[in-house]
Each structure stands twice: as structure tokens, then as C-alpha cells.
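Chemist: With the hints as extra help, turn the sequences into a complete structure.
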Amino acid sequence: MEGVVANVIRCVVFFLLQVLFLKRLSTGWEGYFYWNVLFYPLFILLLPFRTPRSVLLLIAFIFGLMIDLAYDSPGVHASASVFLAFMRDIVIKMDWLVPREGYKITASPTIRDLGFPWFIRYLSILLLCHVLFYFMVEVFVPSQIFEILQKSFFTYILSMVFILIYMLIFRPSQ
Amino acid sequence: MSNLLNAFSKLGGFALFLFLEVICFALIIRFNNYHQQVALSSANKYMGNLSETVDEFEDYLHLNEEVERLRAEVARLRAQEGNALYRDIDTTFASFDTLNQQFVFIDADVISKTFLGRKNFITLNRGRQHGVEPHMGVVDDQGIVGIVKSASAYHSRVMTIFHPDTKISAKLKGTGLFGSLVWDSDKEDYSHMYLKDIPTHHKPEIGDTILTSGYSILFPPDILIGEIDEISKKSGASSHDIRVKINNDLRAIRYAYAIKNLMKDDLSELEEE
Chain A
1 MEGVVANVIR CVVFFLLQVL FLKRLSTGWE GYFYWNVLFY PLFILLLPFR TPRSVLLLIA
61 FIFGLMIDLA YDSPGVHASA SVFLAFMRDI VIKMDWLVPR EGYKITASPT IRDLGFPWFI
121 RYLSILLLCH VLFYFMVEVF VPSQIFEILQ KSFFTYILSM VFILIYMLIF RPSQ
Chain B
1001 MSNLLNAFSK LGGFALFLFL EVICFALIIR FNNYHQQVAL SSANKYMGNL SETVDEFEDY
1061 LHLNEEVERL RAEVARLRAQ EGNALYRDID TTFASFDTLN QQFVFIDADV ISKTFLGRKN
1121 FITLNRGRQH GVEPHMGVVD DQGIVGIVKS ASAYHSRVMT IFHPDTKISA KLKGTGLFGS
1181 LVWDSDKEDY SHMYLKDIPT HHKPEIGDTI LTSGYSILFP PDILIGEIDE ISKKSGASSH
1241 DIRVKINNDL RAIRYAYAIK NLMKDDLSEL EEE
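As given, the protein sequences belong to chains A and B, one line each in that order. Using the numbering used here, read the first sequence as starting at 1 and increasing by one per residue. Using the numbering used here, read the second sequence as starting at 1001 and increasing by one per residue.
One or more hints might be untrue.
Okay, the calculated beta carbon distance ranges per label pair [what the hints assert, rightly or not]:
hint, chain 1, residue 1, chain 2, residue 2, range
1, B, 1051, A, 121, 31 to 39 Å
2, B, 1048, A, 6, 48 to 56 Å
3, A, 91, B, 1062, 53 to 61 Å
4, B, 1037, A, 16, 41 to 49 Å
5, B, 1034, A, 24, 16 to 24 Å
6, B, 1051, A, 71, 31 to 39 Å
7, B, 1049, A, 172, 48 to 56 Å
8, B, 1040, A, 97, 38 to 46 Å
By construction, these hints were calculated from the structure, which means they are not laboratory data. Ideal placement from N, C-alpha and C gives every residue a C-beta, glycine not left out.
Modeler: In C-alpha cells, the structure reads:
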């Protein structure tokens, strides 16, 4: 129950942080910008392991739609979030990520539960999935692959930095 | 059983994922102007390509009719060219001249042809019903073909230029020189003919163009025949021996135009007198 409360609060906080603060950061300068800070995927990444897959997908969809409403781009963030949630299930089960003794049933995908090296691997691969998918959908023209990669690269690094700072400062336990 | 359930739930997750992504993309394309435009324009592009391909395929189905139609059109247009017209100058009103139609073209399919021996004929699928009569010239789009020898109601037989009896009145382009073009039936060479009667004091050159002269009632003037590719002279002869490379390849001929000279009777009448 505590976990649910914590996640609901996190949902609201991350949402506000993303749309009130980070959105302005990426659109604050005039003219062309290469990057964006995508912080909200952390919410989906921190959902507990025991979340059923379909629930995870639905949560990601709804959360993505909320972000989209604020970004005025219906469907773009939602599709990336759904993809992230889908990939999360696959990545978690990959051999090189599963700890030697397996996951504890009550564990959360956090630094405190599974350690910094595990979290870094988990975060880097899934955030990459999210960012790439997001920019593919945002640009929407496959032939502009260079633009997709360029935007993804800058956004990926910046988002990574923001998420790691958050994780190291607050060290959430669930 | 548990395996089955397991597989089903896995598949269920994937199905849900696909379902949600479909919704997302529907939203994206429906509500984002930019994405909508991209989607529409690429859809247009691919559907456009598809319908173009289908269209091309359909064109093939109608190709025969289309060729018929175009040939009729060519026949009509060739009849409007300058060399098919008779210029009638009315001397009473000095500045008026009227053009009378002199030649019309009848388009025809070649339905049989033989190029084996000395006497080569082809058969056309047009006959008296269509206006084809014996002693009419026959051309194709690249040169001359021959002379109609006989015509039945729906077919006609054409003596090609590769026949020992054929004699075509031909001229050198740009000069007034003309001679008769004949085929050397002993050589059985289906790409060359010989131009006789060009006197030796004229100096034609290799590569000069040979056209119909228009002095016979068979062909309008200035139809391309070929070009000179060899000039020789027998000692003591008063005319050149000119070998002409024929422009068209009659062995590959598929259709032809018979030429009807509307002033034929007029001219024959003159000759009879």
C-alpha cells in the first residue's frame, strides 16, 4: 500500500517537474534546439517489479497521455512510454541484467535495492529505447535519420544526467 | 497448462502493447498537424505509385487498340504534310494559293512477309474496301516499303523494294539529281540498293541522303530512303555505281502505310494522250 501511495505521489511530482520546469528548459531558448530533457520515464522505470505487465502498459499509456496534454502533442509521448513499458519487461529478464540470486519478490528497481551498477545498466538501455522511439515518432520521417540521431544523442545524455542526480540525491527506496 | 497460460499472458501483453501503440499513432496522426501532413503526403506518394503501376498495367491491356488509333492518327497527319499536298496557285488572284490534297495514307498491318529469295512480297490487311489498289506506293515510318501489286477486298500484296522488278525514282537531297533505285537480286542483300543514272561529272559523297523524287505517281517527294555508303565507277561508264544503305529494316516491319494518290487519274490521262 505504501508503494502505491509513493508511486502516485511520484507520478504527480514527476509530471509537474516535467511540464512546469523541464519543458521550459528545452523550449526556453529561441530558435532551433537539439535537446529536450525527458525526466518522466523514470516514473515508469521505478514502478515495482510485481506490477502486472498489462497494468504497466496501461499506466505508461495514461501517464504518457498526461504528458502529451501538457506538451500539446497527443500520442507522441504516450507511444514512447508504452514502448518503454513494453521493453522494460523484456530488459529486466535479460540474462546480463538479472542478479545472480534473482530478483526478490518485493524488490524495486532502485539503486538502494539492486545497486548502482545494475541501475546504470537498466537505466541506460531503457532510456535509450525511450528517447530513440520518442524522436522517431516526433520527427516521423524515416529519411531524416540524422536529425533523429542528433536529437536523441543530446537528449539522452542530458536526461541521463538529470535522472542520475535525482536518484543519487533522493535515493528512493520503492 | 501453466505453459499455455504463460504463453497466453505473454502474448496478451504484446497484444495490449500493439493495441496501445495503434491508439497512440491514431492520436498522433489525428491531432498533430505536422504528423498528419507527413502521413498524408507519404500515403499519397505510395498510393500514387501503386495506382500508377496499375495504370501502366492497364495501358498494356489496351496497347493494341492504342497502336491502331495512333497509326490512324499518323496516317492522317502524314496526309497533312507538305509533300502530300498539291499547291494550286490561282493566277487570277495573285496572292492566293490553295492547297489540294494529293496523297492520303492508309494504315495497315503487315500480316505476312518472306525475305528468302529474289522475289520478296509482303501482305497487308487492307484491300480495296479500304481504298488500296494495285500500283500504290507503300511506306513505313522510317522509309519506303514497296509497291502494291494486287489487292483483294480485304488484303493486298506488296512487291517490296527487294524485288528485281522494283524501280523507285530517287534523288540526292539538296540537288536536282535523280536516278532510279534498284535492287541487285543476285546478291540477296536485304539492306542495300543501287542508285543508277547519276552522271559521273557530278560528285556525290558518301553519307549523302537519298529521298524519293516525287517524279513518279507512287510516292510523295522527300520521303527518306537511306544514305550513300559506297560509290564506285566502272571504267568507261557514264554514270556512278552508287550503293545506298536502306534506312529501314523490312525484315522487322510490322505495319505500313499505303499511299493513295488522289491525282493519279489526272496524271495517267496525261500520259495516255
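Chemist: Could you run down the list of hints and mark each one as holding or not?
Modeler: Against the structure, the hints:
Between residue 1051/B and residue 121/A the Cβ separation comes to about 50 Å, which falls outside the hinted range of 31 to 39 Å. Distance hint check: the CB atoms of residue 1048/B and residue 6/A are about 54 Å apart, consistent with the given range 48 to 56 Å. Evaluation of the 53 to 61 Å hint for residue 91/A and residue 1062/B yields a pass: the beta carbon distance comes to about 58 Å. Taking the beta carbon of each, residue 1037/B and residue 16/A are about 32 Å apart, not inside 41 to 49 Å as hinted.
For the pair residue 1034/B and residue 24/A, the supplied restraint of 16 to 24 Å holds, since their beta-carbon distance comes to about 21 Å. A C-beta distance of roughly 37 Å is found between residue 1051/B and residue 71/A, which places it inside the suggested range of 31 to 39 Å. At about 53 Å, the beta-carbon gap between residue 1049/B and residue 172/A stays in the expected band of 48 to 56 Å. A hinted range of 38 to 46 Å for the beta carbons of residue 1040/B and residue 97/A is consistent with their spacing of about 42 Å.
Hints 1, 4 from the list above are not met by this structure, while the remaining hints are.
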